[in-house]
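Protein sequence lines correspond, in order, to chains X and E. Going by the working numbering, the first residue of the first sequence is number 1, and it counts up by one from there. Going by the working numbering, the first residue of the second sequence is number 298, and it counts up by one from there.
Since the hints were made in silico from the structure, they are not lab data. The beta carbon of each residue, even a glycine, is placed where N, CA and C say it ideally should be. It is possible that part of the hints are untrue.
[What the hints assert, rightly or not] In silico lysine-lysine, DSS-like type, Cα no more than 30 Å apart, as pairs:
1. E:Lys383 / X:Lys128
2. E:Lys328 / X:Lys128
3. X:Lys86 / E:Lys335
4. E:Lys482 / X:Lys221
[As the list claims (entries may be wrong)] Stretch by stretch, here's where chain X covers chain E in the computed footprint (C-beta under 8 Å, at least three residues):
5. 314 to 324
6. 418 to 426
7. 486 to 495
There are 2 protein chains.
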Amino acid sequence: MPTFSDRLAEAVRAKGPLCVGLDPRWESLPKSHRETAKPEEPEYAARAVQQFCVRVMELVQPFTGVVKPQAAFFELLGPPGLQVLKIVIERAKEMGFVTILDAKRGDIASTATAYADAAFSGCNIDSKTFPVWDADALTINPYLGRDAVEPFLTAAKKADRGVFVLVRTSNPGAGLFQDLVCNGKPVYRHVAAEVAKWNASTIGACGLGDVGAVVGATHLKELAELRDAMPDVWLLVPGYGAQGGTAADVKAAYRADGLGAIVNSSRGVTFPFHPDDPDWEAKIGAAAQKAQAELRQ
Amino acid sequence: MPTFSDRLAEAVRAKGPLCVGLDPRWESLPKSHRETAKPEEPEYAARAVQQFCVRVMELVQPFTGVVKPQAAFFELLGPPGLQVLKIVIERAKEMGFVTILDAKRGDIASTATAYADAAFSGCNIDSKTFPVWDADALTINPYLGRDAVEPFLTAAKKADRGVFVLVRTSNPGAGLFQDLVCNGKPVYRHVAAEVAKWNASTIGACGLGDVGAVVGATHLKELAELRDAMPDVWLLVPGYGAQGGTAADVKAAYRADGLGAIVNSSRGVTFPFHPDDPDWEAKIGAAAQKAQAELRQ
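Extracted from the complex, chain X is given alone in its bound form (with noise of 0.2 Å):
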């Protein structure tokens, strides 16, 4: 199998760096599914999630190879939820997506290895390991340190999966830490300084590595700098789109070849319609291809 970032650099090739974030918040699902989930209970509830999921990466196939399932709204609906997330994964999988997990997991020792099989290689039950959720990538958090992130690393070498690591995030309250100035230089340009040097080693033909960095858009001077200080780094971006940043504005995230970079849009592409609107489709459809062109200018 090739690796993570060859793999990731294959989609981004063939559609582009639009990256469809799968963020199914029920009060704004299409009032179609909402009644075929009637009794309102959290089983039908996610049966129609997972419809609604599959329809969308039907929808969005032409225009995207990458899709982020975004764990919390999964888990929002219980058990029944986390299923469909699987469920989501896997159909993604069968369909050509790159899939990462939003999930921004983050423990030490053998819980965060816990974690990270869950997320990729999977569970073992004696001499049988079973898939979990299976994604291609997982993003991390890495306020708890270096034996907190290597875990997470060694497990994705080990089944040839990639992570990303907040550096950056998208929020207006992001700075409260990540901008504090340690050493001449905010915090998240320390994480970035140790998210180039885990990358390092696992550089692959496309010439980027499987260890990423989550990277705001909405901060702009920052994703420059990032960019520089991290040349062989996958950036995920999040921002564009609901949250307020542009295609002009995620330009700097790319790399001279192009590569680099692919760009998260989850409610512009997913939700761009009313609950109520009978056109959901098409309007699903004509989101995903804008941003697909917007941001292959």
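Go by the hints and put chain E onto chain X.
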């Protein structure tokens, strides 16, 4: 309902500061439980984990009022494991325990709200609300900043629950980012200062608030310093027992009134036996009793 901090104070006054961590590692379960789980599939393994966790809670109940299920080990068993997490928390509350879901969640805006609702008030499907994890408290990661923490604080307040913010973790590599010095003090002290502020409006009758802090027992100087810096904040202290912290080490975590800290032991109390040992129940009881006695001195 009393506030989270008052419920925690009541538990600590009754049974001391021991918190028992439920980290059900499949390979460490008593052989008898693993054998009843044949065929080895996640559904059966999850059922064995459920039986083990409930039995552990029965055994430790005389010695502790607080349990902390670790989400990662349930997640590793996939959706059946997460169904068991939900059941274990439910049973724990029926047995009178204060429950802390150790999931170290962190995300922004409505995504953080989804995690927080999953942890506390539950999932809204049209006009009905369904509980998901329904824990008394949740551990959260502060790296994403102010607006990433606020949804958790808001959801906790609304449902009379608590959060524990990671401040200084117990792992050897914790200092990589937490110890970076900014404006004369390390990052973790900046986090502690914010935690003290977030906590200030939540002080209950016991004199402590609903916004706690995770501070490892493996860094003694920091523990004493953080006790002083956050006088009204509950500390959740991991690192006692299997990770090397002693009862003498954690003394610095208590306030003069004897409250202010709960001290977690996971492996030390729940796995003090070899999987083949038929006496595992007696050993768990003895380990919990010993930990309670040591910590109460």
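Which of the listed hints are not met by the structure? none
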